[in-house]
Each structure stands twice: as C-alpha cells, then as structure tokens.
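Residue strings, one per chain:
2 protein chains.
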Amino acid sequence: MSFLDYLLGTKKKSASVARERLQIILAHERAGRGGPDYLPALQQELIAVISKYVSVGQDDIKVSLERQDDYDVLEVNIVLPEGAKR
Amino acid sequence: MSFLDYLLGTKKKSASVARERLQIILAHERAGRGGPDYLPALQQELIAVISKYVSVGQDDIKVSLERQDDYDVLEVNIVLPEGAKR
Numbered sequence: 012m013s014f015l016d017y018l019l020g021t022k023k024k025s026a027s028v029a030r031e032r033l034q035i036i037l038a039h040e041r042a043g044r045g046g047p048d049y050l051p052a053l054q055q056e057l058i059a060v061i062s063k064y065v066s067v068g069q070d071d072i073k074v075s076l077e078r079q080d081d082y083d084v085l086e087v088n089i090v091l092p093e094g095a096k097r
Numbered sequence: 012m013s014f015l016d017y018l019l020g021t022k023k024k025s026a027s028v029a030r031e032r033l034q035i036i037l038a039h040e041r042a043g044r045g046g047p048d049y050l051p052a053l054q055q056e057l058i059a060v061i062s063k064y065v066s067v068g069q070d071d072i073k074v075s076l077e078r079q080d081d082y083d084v085l086e087v088n089i090v091l092p093e094g095a096k097r
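Residue numbers (my numbering), protein chains in the order written: chain A, 12 to 97; chain B, 12 to 97.
Okay, chain A solo, but in the shape it has when bound (with noise of 0.2 Å):
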C-alpha cells in the first residue's frame, strides 16, 4: 500500500473542512544502537524551510515524535491559513 492510499483511507473519515494543509513526516530508521539524534534539530530546520514558502503560525503547526523498534518518526502537520502564500 503506497502511503497516498494510507493517507487518503485516513482523511476520508475525518469530514474536517476543505483547509490546505502540508504534513511532514521524516522516518529515521536506525541500523544499530547510539549514534546522535538529530531529528529535534532537523524538524526546526525543516519547518524554517517551509515558513519560506508559506506564512504560518507557531500555533498552525503540530508537532508529534514517535519511537519503536529501530525507527524514530517525526510528523509536522501545518494547517495553512486561506491564502498563506508569500
């Protein structure tokens, strides 16, 4: 299943309204144990990237880090206020 069909089989129950949103989502799967987690630093980066391309609030974005097994995942969801371009 290609992540598309995971998202759009996710968003179909949620009837939330028509709002233009970006999520990001980095999967770091780690080959052994230790080695520096740069996720935190990378997520403030990537979401500085991002406030290039379109305004958004500190409170338009939810930010979530998840751990199991070998993987780190971090997801960003940014809902993008109406006409947020720059």
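Because the hints were derived from the structure by calculation, they are not lab data.
A quick note: this is a predicted structure, and the numbers were derived from the prediction, not measured.
One should not assume that every hint holds.
Here are a few chain B residues that sit away from chain A, every Cβ distance over 12 Å (derived from the structure) [said to hold, decoys possible]: (1) Gly68; (2) Gln69; (3) Asp70; (4) Ile72.
Label-pair restraints from in silico Cβ distances [to be verified]: (5) A:Pro92 x B:Gly20: 26 to 36 Å; (6) A:Gly20 x B:Glu93: 27 to 37 Å; (7) A:Ala29 x B:Glu93: 43 to 53 Å.
Idealized CB from N, CA, C, for every residue including glycine.
With chain A fixed as given, assemble chain B onto it according to the hints.
Relative to the frame of chain A, chain B by itself:
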C-alpha cells in the same frame, strides 16, 4: 492507524539488510484548484538541509511525486552510508 504502524507494517515484508534510512514524506492537501506548486522547490531545500546532518550522495536519494484528488505526495527515501554522520 498511525504512520508508525503503517511503516512497521510495510517494512516487515521487505527483509532488507539493516541499513540506516531516512524517509521524508511531504503531503500537500490543497483546498481548491490552482495555487503555486512549491513542492519541487521545497524538495530541493529539504534535501539541502538534510545534507547538513548526514553526508548523502545523489545516488542514495530516491524521490517520487504522486498526485491524486487534492493531494500531492512527495516521498524522499535516503539510504545512509555507514558512518554517514557529519
């Protein structure tokens, strides 16, 4: 189902060698027709940001862009060379 469950589900089938990987997914849900398509430019900048954290060669990066309904999904898969940290 969370993205992590989706990811773990897809990974179990592929008995690939344990390599460090980074997967970036950018899902843009448009609220209507038109509007500039900034994903390609955003993609270049995201890869540039990531290259600041891990040394990545062009051959290690696979990019795919899918479009369906109101969604554009950009997927960047990076296999990190051993000892790739900066």
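- request: Could you tell me which of the numbered hints above are not met by this structure, giving the numbers in increasing order?
  value: none
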